[in-house]
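Novice: Numbered according to the working numbering, the sequence shown spans residues 15 to 264.
Accuracy of the hints is not assured; some may be wrong.
No more than 30 Å apart at the CA atoms, straight line, and that leaves these computed lysine-lysine pairs for DSS-like [said to hold, decoys possible]:
no., residue 1, residue 2
1, K182, K110
2, K159, K50
3, K110, K75
None of these hints come from the bench; they were simulated from the model.
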Amino acid sequence: MPSIGLTPQAIARQALEKLAAKADPERARQVQKYFKETVRSFGIPSPRVRALAAELYLGVKKEWGIAQALQLCAILFPRPELEAKGIAALILARYKKAFPPELCGQVKEWLAKNYLDNWASVDIFCPEIMGTLLLRYPELVKEIKTWPRHPNRWVKRAAIVSFLKLTKQAGFLDIIYQQAIALFPVADDLIQKANGWVLREAGKRDMPRLERFLLAHGPDIPRTSLRYAIERFPEAKRRELLLKTKAKKN
């Protein structure tokens, strides 16, 4: 049991106090420009947030296990500030060797409750946490394959960005392309951008496969997703793919 000063509640208070002390209201206003939805921020750059998370972790690593890290997430994820969510996610990631498969269900619950309610929080959290879970417990692929049908937009985004770091592994390309197809009907631009982003990264592993995929599914692919997906192709090839994947007029 951690000492009173190192409980998740105490560390959460300490994190919020340190974030408030470093707050930059003008930068916080600038941060909003990157989001369509309203977000709250202390206006602290990502490197400083990562440094603070590392500092807090060093203070608790001898006494904490994953249970305490999960408690910290339960305290800070419902907070509105981007940096508070980021601190909790970064500290949880330090315990990746202890992740149980049941964490997948907890992640889905956090997302469905809108505790990670913006693209930045989802994109910091899911590639690291869900990516680790999927790599360690391949049976969880069956569960995440249901996420594109979930009504919550953040669960949908997580359905694809969770594979971001796994694009480097050939064994995951099949499921990545399946997830992409499942998300093509989604009109939400935050999902379309994420889908194209991960397809682009999958293409780094196998560009000819990405090209064949885009040509095979052309008219079904939202143009936003397509434009992200083709960014790594030479300019002439991009123009060709944009043309060949256009829906034919009746």
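Novice: Against this structure, judge whether each hint is valid.
Specialist: Here is how each hint holds up against the structure:
no., hint, result
1, K182 / K110, "holds, 19 Å"
2, K159 / K50, "holds, 27 Å"
3, K110 / K75, "holds, 13 Å"
When each numbered hint is compared with the structure, no violation occurs for any of them.
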